[in-house]
Amino acid sequence: MIVCAIGLLLARDGWLSIQKFGLSFWASQIWNPVSGEFGALPFIWGTLYSSFLALLIATPISIGIAVFIAEMSPAVLRQPLVFLTELLAAIPSIVYGLWGIFVLVPAVRSIQTSLPEVARLLPLFSGPPLGLGMLAAALVLAIMVIPFTSSIAREVLKSVPAAQREGAYALGATRLEAIRAALFYARTGIFGGIMLGFGRALGETMAVTMVIGNNPRVSLSLFAPQHTMAAVIANEFSEASDQLYLSALVEIGLVLFTITLIVNSLSRLLIWSMTRSSRVSVSVETAEPLAAEPAAG
Amino acid sequence: MNASAGWRRRLLSSLFVGFCACAVLLALLPLALILFFVVSQGIRALNVDFFTHMPLPVGEPGGGMGNAIVGTLMLVGLAALMAVPIGVISGVYMAEYAGTRFASTVRFAADTLNGVPSIVIGVFAYAVAVLPFRQFSTLAGGFALGVMMIPIIARTTEELLLLVPGSLREGALALGATRASAVFSVVLPAALPGIVTGVMLALARIAGETAPLLFTSFNNRFFSTRLAQPIASLTVQVYTYAISPYEDWHRQAWAGALVLVMIVLFCSLAARFATRRLERMHARG
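Chains H and B are the protein sequences, given in the same order. Under this note's numbering, the residue at position 30 of the first sequence is numbered 30, and the numbers go up by one with no gaps. Under this note's numbering, the residue at position 281 of the second sequence is numbered 281, and the numbers go up by one with no gaps.
Hints are supplied without guarantee of correctness; some may be wrong.
[What the hints assert, rightly or not] Now the in silico label distances, taken between C-beta atoms and shown as ranges:
| no. | chain 1 | residue 1 | chain 2 | residue 2 | range |
| --- | --- | --- | --- | --- | --- |
| 1 | H | A75 | B | F223 | 50 to 56 Å |
| 2 | H | F102 | B | A21 | 27 to 33 Å |
| 3 | H | S126 | B | V196 | 52 to 58 Å |
| 4 | H | W272 | B | F184 | 28 to 34 Å |
| 5 | H | S126 | B | G99 | 54 to 60 Å |
| 6 | B | V39 | H | R187 | 55 to 61 Å |
| 7 | B | L81 | H | V218 | 40 to 46 Å |
It should be emphasised that the hints constitute simulated quantities derived from the structure, not laboratory data. Ideal Cβ positions, reconstructed from N, Cα and C, are used throughout, including at glycine.
Chain H with its partners taken away, still in its complex shape (with noise of 0.2 Å):
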């Protein structure tokens, strides 16, 4: 009920930009609350490049966590790492970005002022030496998901049948070809991870606001400082001084709301089915509860 509620009123309280702007808001790169003009696209370029590139980060690292636990790790190390890897969804993300501002900011700068002259040149490096921008973004994110994925990806392996792996070691193979095999039966469940990760990266707020700089510009660049959705109804809503302003602001939540929601199904969706597949050819394992629902941040 909640749910529903939510959409509507976004729904109502965003319609007189919807009405005001139609289309043309979702094109225009235009922010100009002064004269009153609207457009989201920087916004919804800003989020979907940073967590695309936050993913990009963030995958392999958490399958390999997840490998590591699952497949490799000692007994005894198996508890501790579940637990650390946990914590990092433990932090508030205000912490991440204090520490985004004061640690990892400064630390790209000096990547970028490090960058050969030539290198920068390219569209992909260019932009003042900031720090503030796309890059420190996405790390930030990708940290922040890490723990996402990893744990449903680790949860998904482990309920690949034994005799999946026992048979691939049976013909001989080595103990990657082992694993690539069980993560190919278990793709559809780590994708809905993945998935899960994109519809976190998606909607979180303060740590991205603190250091992706906050300019509303539309950039392919690594270091330029852009904008994101969630970022700009933090930094607005509570100046939003006219009601086409605030209006606008609700839009771009609603647009928010509806993408997290899609992408938040859609995972659900695919490792429910991975899920349920598997219990039925293997014999139930006791759940977990705490373990399958990281302790989130």
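Following the hints, position chain B against chain H.
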């Protein structure tokens, strides 16, 4: 020929093992760095004044976040007051009527609500609890946090009720208990430690939330316990201080972060301890 191919496969395999180990280290590195910085920077500004004093104007050294700590406690308390009954009851419903269509709808709604970005919850709470009254208030902040808390509590309650041995429930029913009294006087008490765990986890999560508070409970430079007024909170205070240009405020922000991390850690550890016990009980039963 064959031997050399085998050699390559083994090498690749070892490289893969190495990669996985590196991935673990790569994830633990930021964790260690974050904890290190929060503790080392935070401890310097942390003293008794921090807990008992009010924020001072820029330039005056000292001062603390006493009002923000009280504020966070009040917000979290209000949220719990709202979310615990609703969450536990929907959890009981999902566990008891597990097969029905409505129960899976509730479960789906809870999962969806859990995935809604906190900033969107903030906008929602603004529309529900701020706009009609034209006033930022503690109640609105508590409402926003409560909405975030409900799905977490509901899902943990459900999962833990399912862990309670079936024989307990059957025993109660065999003794002539109605379904309701079996649930509320036998099953629920057995799962109580687990539910407390769920509540602790939910508290740990929302205590660290900033985004939904920015435009619901807003912020307040002064000490306040009035429900209809804006109130300070630890997280919003850390945010304001972190993006300010003042050295003094940065130090305070680190200290605030340290307090937050300690609260969250304490809750997570307590929750973990409680689940251990419940799982052991489950293993025996």
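Given the range 55 to 61 Å, decide if the beta-carbon distance of V39 (chain B) to R187 (chain H) lies inside it. Given about 40 Å between the Cβ atoms, the range is violated.
Regarding W272 (chain H) and F184 (chain B), is the given constraint of 28 to 34 Å on their beta-carbon distance met? holds (30 Å)
Range first: 50 to 56 Å. Now tell me if the beta carbons of A75 (chain H) and F223 (chain B) are that far apart. For F223 (chain B) against A75 (chain H), whose Cβ atoms are near 52 Å apart, the range 50 to 56 Å holds.
If you check the beta carbons of S126 (chain H) and V196 (chain B), does the distance land in 52 to 58 Å? Holds: the Cβ-Cβ distance is about 53 Å, inside 52 to 58 Å.
Whether the CB-CB distance between S126 (chain H) and G99 (chain B) falls inside 54 to 60 Å: holds (58 Å)
Supplied distance hint 40 to 46 Å, evaluated on CB atoms of L81 (chain B) and V218 (chain H): The hint (40 to 46 Å, Cβ to Cβ) holds, given that L81 (chain B) and V218 (chain H) are roughly 44 Å apart.
Could you say whether the range 27 to 33 Å given as a hint is met by the Cβ separation of F102 (chain H) and A21 (chain B)? Given about 30 Å between the Cβ atoms, the range holds.
Comparing the model with each numbered hint stated earlier shows that hint 6 is the single one that does not hold.
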